[in-house]
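K.L.:
Going down the list, the sequences are from chains A and B.
Take the first sequence: its position 192, counted from the start at 1, is 192 in the working numbering, and no numbers get skipped.
Take the second sequence: its position 287, counted from the start at 1, is 287 in the working numbering, and no numbers get skipped.
Source of the hints: derived by calculation from the structure; they are not laboratory data.
From the three backbone atoms N, C-alpha and C, an ideal C-beta is built for every residue, glycine too.
A couple of the hints might just be wrong.
Cβ pair distances, simulated, as ranges [claimed, not checked]:
hint, chain 1, residue 1, chain 2, residue 2, range
1, A, Phe89, B, His74, 53 to 61 Å
2, A, Glu299, B, Gly327, 48 to 56 Å
3, B, Lys94, A, Lys254, 56 to 64 Å
4, B, Glu232, A, Asn183, 24 to 32 Å
5, A, Gly42, B, Arg75, 54 to 62 Å
6, A, Asn183, B, Pro76, 46 to 54 Å
7, B, His304, A, Gly233, 39 to 47 Å
8, A, Leu132, B, Glu152, 47 to 55 Å
9, B, Thr239, A, Ala63, 40 to 48 Å
10, A, Phe147, B, Arg75, 26 to 34 Å
The following residues of chain A were derived to be distant from chain B, with all beta-carbon distances above 10 Å [said to hold, decoys possible]:
hint, residue
11, Glu88
12, Arg224
13, Lys254
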Amino acid sequence: MLALHKWKLLFLALAANLALVGSLASGDIKTTSEWNWLDIVGEGGLALLALIWLLLILHSRPAGRVTQFLSLGLSAVFIAGFQDWLDEFIYFPEGALWDHWIESGFMPIGLILLTLGIYHWHKEQLLITEQLRKRERLFREHRGLDFTTSLSGAHYLRVQLQHELAQGNQENPLALVLIDIDNFAQINRRYGNREGDNLLHSLSELLLLNIRRNDLLCRYAGDRFALLLPNTGKLMANTIAAEISQAVRHFAFKPQQQQDSIFHSVSIGIAFSCGQTAEADTPDSLIARATQALLHAKEQRDSQQLRAA
Amino acid sequence: MPRNSATRNNCAQLDMSESVEFPLCPVPPVYYERDSAIVHSHFWPAEFIDLAQTRAIPEHKLLRHTGIFCEDIHRPDHRICPEQLLQLIQNITKNTSADDLSFLVGHQLLPGKIAVISDQLMSSTNLDELIDALVEHQAFLSPLINIRRCYEGDELVLYWQDACGAEDSFIFLVEALTTAISSLARWRSNSRLPWQFYFSHKAPVYIEQYEVHLGGNIHFDCQRNAMVIHREYCYQPWTKNTHTSVENFLAASRNTVNIPTKGFLAAVYDYLHSNIATDPNLEQTAADFGMSSATFKRKLKKHHSHFQAIYDQVRKDLAVYWINQEGWSSEQVAKKLHFHDVANLRRAFKKWTGLTLLAARS
């Protein structure tokens with residue numbers, strides 16, 4: 001990402017150099033005995049931290065208005081801090097006001113720009129959160145994010161299930177749907193990992209389109225997706241499962257190497273949290289029940305295929 | 001008097017009336033070492049590099065300290081040594097947080113990319129033949145951990161031996177190979193075979209990967225890493241395979257795959273396993289491997305192991321087998337393993353397995 005912003009960085013380096021050269025030209029260097037170490041570390045630290053924040057932000061963000069504000073603000077803070085730091089080493093003559101201007105003028109300007117940037121960032125973040133809504137529920141954890149599908153993994157699912165189960169009661173049942181792509185291993189064998197990844201990615205997008213706003217989709221592992229349906233009874237869950245199954249069946253996936261589309265089917269296992277049973281459900285018991293249902297569905301499919309053949 | 005005539009090590013059958021000084025093993029066992037160039041670059045390494053690229057691991061991080069160059073990977077005659085492959089695996093696991101890579105590699109690994117071998121694997125007509133082919137070509141198919149096949153009662157057992165000192169990567173390799181074999185068997189048999197999977201490590205946090213990629217019956221915290229299936233499945237006929245070699249498969253003559261089948265550590269394990277009746281020691285083992293004790297020790301150290309560790313492993317495996325499968329008494333086991341008395345065996349057994357003899361029996 002840094003390559004996108006090389007002009008900004010070049011300009012900042014130039015400005016810092018100008019400040020240095022200007023200071024050296026107009027002032028006299030202090031002797032070592034006059035150095036105040038606390039100020040040197042304190043003011044130098046501020047400039048250094050501002051620079052680190054700037055690099056982190058530029059490294060992680062595409063260009064745009066928010067980035068512009070944030071980087072301008074942080075640049076100004078850096079320049080002010082840098083000038084402040086320089087006068088720990090250099091005497092400025094009484095008449096020279098410009099160094100004072102840089103120190104005290106840039107800081108508030110920088111902070112105002114930074115505040116503007118953060119305000120717009122906040123608005124942008126709200127929008128992104130809305131977009132991510134079906135991928136995460138009220139809690140963000142980037143470390144478990146799956147590289148291929150950008151969905152959360154099984155760990156996140158367990159945490160969310162725990163959370164939902166703790167809140168749930170008999171009126172608010174919870175459904176867990178496990179979705180497994182049939183014969184996925186053959187796709188991987190035939191077209192390679194890359195196509196397999198593409199298929200998983202496309203299917204995850206497709207599944208996201210077919211679920212409600214408050215549902216959560218995770219990639220459980222391999223070719224198995226997990227769908228958490230809060231406040232959902234048997235009828236609704238079965239309907240959603242059937243819709244997903246239909247959608248996948250009609251999805252024409254196009255591998256890069258060949259013209260023909262390939263079609264897929266999924267096997268689905270559903271488990272419901274049951275408030276009325278004696279022992280309460282745990283995430284693991286719910287997942288285990290859904291897995292059982294899934295394996296059962298797969299067996300049925302296999303035997304149907306055998307009969308058809 | 002040796003009861004076991006060490007046929008495993010290609011020894012000629014010895015006349016049992018000969019004196020004990022007669023060398024047990026006139027032909028030293030053959031093996032490859034950590035730094036023998038035996039790993040075909042276009043197979044395991046290419047598979048790993050492909051996968052790492054789909055995970056956006058930068059090339060310089062991937063190949064750091066491996067001594068591998070990307071342009072060599074697809075040269076058909078290029079070889080690297082087990083040590084380099086281990087480093088490559090370490091680099092991959094270090095540079096990604098994904099915990100499914102071992103399983104993904106496993107699914108892709110077999111039948112491999114050398115025509116003669118993959119044809120043999122794919123033309124197998126039942127599980128037994130498939131395992132035969134795997135064991136025969138294991139130095140090529142699985143150079144870092146070797147396969148040991150045995151029958152225990154009604155069951156076929158495949159278990160994994162460290163070939164060259166895999167250390168931290170051992171679990172990764174076991175995951176990959178277990179997936180590879182079950183995946184290939186599933187493909188060829190066109191059904192989900194009822195494997196039982198045993199792992200000696202604790203259940204990992206990513207247990208869902210085991211569930212999805214291996215399926216079925218998975219046990220952790222076991223005494224060994226093994227996959228087990230009832231013998232009846234070994235001879236169930238499979239339908240004829242319509243698979244044809246893909247063009248990037250290499251047509252190689254049998255010569256190019258003619259390398260020792262086992263790594264040094266696995267060879268030492270096998271030797272000790274076969275010669276347990278003679279109460280083997282370091283000096284005798286070194287002599288039978290055709291080298292001095294000092295050289296032998298040095299070689300073990302190079303493979304990140306030592307004599308006692310392998311000997312303990314062998315005795316542990318045998319003790320567990322004799323107690324669990326054969327139902328032997330503790331006295332019998334102690335005598336067989338050359339312990340003075342049962343108390344000593346009990347102490348050692350506790351050290352090896354963390355279990356008491358009684359607990360192991362139940």
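K.L.:
Go through the numbered hints given earlier and state which of them the structure violates, listing their numbers in rising order.
P.N.:
2, 3, 6, 7, 9 and 12
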